[in-house]
Amino acid sequence: MAPKVLVSDKLSETAVQIFRDRGIDVDFMPDLGKDKDKLAEVIGQYDGLAIRSATKVTPTILEAATNLKVVGRAGIGTDNVDKEAASKKGVIVMNTPFGNMITTAEHAIAMMFAVARQIPEASASTHAGKWEKSKFMGVELTNKTLGVIGAGNIGGIVCDRARGLKMKVIAFDPFLSEEKADKMGVEKVELDDLLARADFITLHVPLTDGTRNILSAENLSKTKKGVRIVNCARGGLVDEVALAELLKSGHVAGAAFDVFAEEPAKENALFNLPNVVCTPHLGAATTEAQENVALQVAEQMSNYLLTGAVENALNMPSVTAEEAKIMGPWIKLADHLGAFAGQMTDEPIKAINILYDGVAAEMNLDALNCSVIAGIMKKANPDVNMVSAPVIAKERGIQISTTNQDKSGTFDGYIKVTVVTEERERSVAGTVFSDGKPRFIQIKGINIDAEVGEHMLYTTNEDVPGIIGTLGQTMGENGVNIANFTLGRSEVGGGAIALLYVDAQVPADVIGKLCETGKFRQVKSVRFDV
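So for the sequence shown, my numbering puts the first residue at 1; every next one is plus one.
Hints listed in this document are in silico derivations from the structure and should not be mistaken for laboratory results.
Careful: at least some of the hints might be erroneous.
[Claimed, not checked] Straight-line Cα separation of at most 20 Å, SDA-like style, residue types lysine to any residue; simulated pairs:
{"id": "1", "residue 1": "K437", "residue 2": "N447"}
{"id": "2", "residue 1": "K444", "residue 2": "G409"}
{"id": "3", "residue 1": "K144", "residue 2": "L220"}
{"id": "4", "residue 1": "K69", "residue 2": "G44"}
{"id": "5", "residue 1": "K10", "residue 2": "D31"}
{"id": "6", "residue 1": "K224", "residue 2": "R197"}
{"id": "7", "residue 1": "K180", "residue 2": "G164"}
{"id": "8", "residue 1": "K224", "residue 2": "V241"}
{"id": "9", "residue 1": "K144", "residue 2": "E187"}
{"id": "10", "residue 1": "K56", "residue 2": "N80"}
{"id": "11", "residue 1": "K10", "residue 2": "D25"}
From just these sequences and the hints, can you work out the full model?
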């Protein structure tokens, strides 16, 4: 059955057609997002939900979304999606951070020009029949110092455009390396230095606990007299009341804001002040940008639902379509290893240690980690997936650690998972053969070569004669067909294991009969999603 997607906001018809062209069943209901009750009523039918800003994806909606796998936001901001609730539900939340980068950066530059030359006020005055030429004395941008707070995707474009305007650009961004700053032609500085030197300040960071009120009253007081401040990023980055006071005092010469702490902004401390330019969150409001983000979200959601590729996800590591092709068998292996370790573990888990060797160490380890953790968590919660598993592990205080190493053995690469409890450690390792099929290559330090099937039986015992016969006879007498049989031992007469690939789950009474023989330390039925 084809995946089913609901478009509950106003996306372009071209974007909707992308879903259809990819073989996805799509319902286009652009006004449904405004009706939360109706949305909750129908959302259970859909695998995907494509939205803009009108649809609110709340815990209530997510609770009703019994089949939902992905929410795609056409745009950058996802304030209208409860990402924590989505993660717990196992729903991927995607946005489209690149579709409107140029548009937003251009708006910031336009706002800078507008406040530098007082264009909106001069326009209003002229429309009113006044000819106040001497009233609107502006400043040039050439040779001025622009302070950019956040030199990422959009901030980087602003830096490039500003350099084209012959401005000197300084940037504060903890994630900006000196090497990258040199390539961009900007000077990397600390925030206090930027505040003291900049003639113009523009913000291009997301709203987080670390950036909230980054231009606080205290930091605003450190700015150069006559500074002009532009915010086209997110409301809440600037103390608007403190800025209004500095505008009134003349310390700040002007401000241009496209975003506000409370939106829609019906009232604000910045409104009706001289030389303050305000626009209603227009950063991404161009024909090109709206079309770009709509097309991008349709492609991303289609790729995920059809191929498993994860792009621009906010609550899960991204896996490109190219990576998905190569990593698919390894992600499946990671899930199998985790599932085995989880089903073998009855005590509370303290830590999960994951070793990546050879080619496995060169892959997208974040995605592989998520798959391992999901496999382990499925014993306690069968509905867990790669999105929700890390959240559940964190809530339970489970420590996750990874180790990478160069090729160290006969295999091109392998993954080893160790689960740590108060009582013991359990480890299992596996690889992917050239046929693309995952194999277990080690359990409890004992080397094996076991194909993975949906239903398997795992036993541990002393290395003594008769084990194969007992297993075969008991399975045969009870109608359990063995598809594959793998044995391994640590040494002659030492610990030994058996892993049987069987056609169906081994009944509990059959497991009981094996235990009654006294030959086995442990007998476990194991199931895998193959």
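Hint check results:
1. K437 to N447: The given pair, whose Cα atoms are some 18 Å apart, holds under the 20 Å limit.
2. K444 to G409: It holds: about 17 Å lies between the C-alpha atoms, which stays within 20 Å.
3. K144 to L220: holds, 19 Å
4. K69 to G44: holds, 11 Å
5. K10 to D31: holds, 7 Å
6. K224 to R197: This hinted pair holds, its Cα atoms lying about 6 Å apart.
7. K180 to G164: With a Cα-Cα distance of about 18 Å, the restraint between K180 and G164 holds, given a limit of 20 Å.
8. K224 to V241: holds, 18 Å
9. K144 to E187: holds, 14 Å
10. K56 to N80: Roughly 5 Å separates the two Cα atoms, so the pair holds.
11. K10 to D25: With Cα atoms ~18 Å apart, K10 and D25 stay inside 20 Å; holds.
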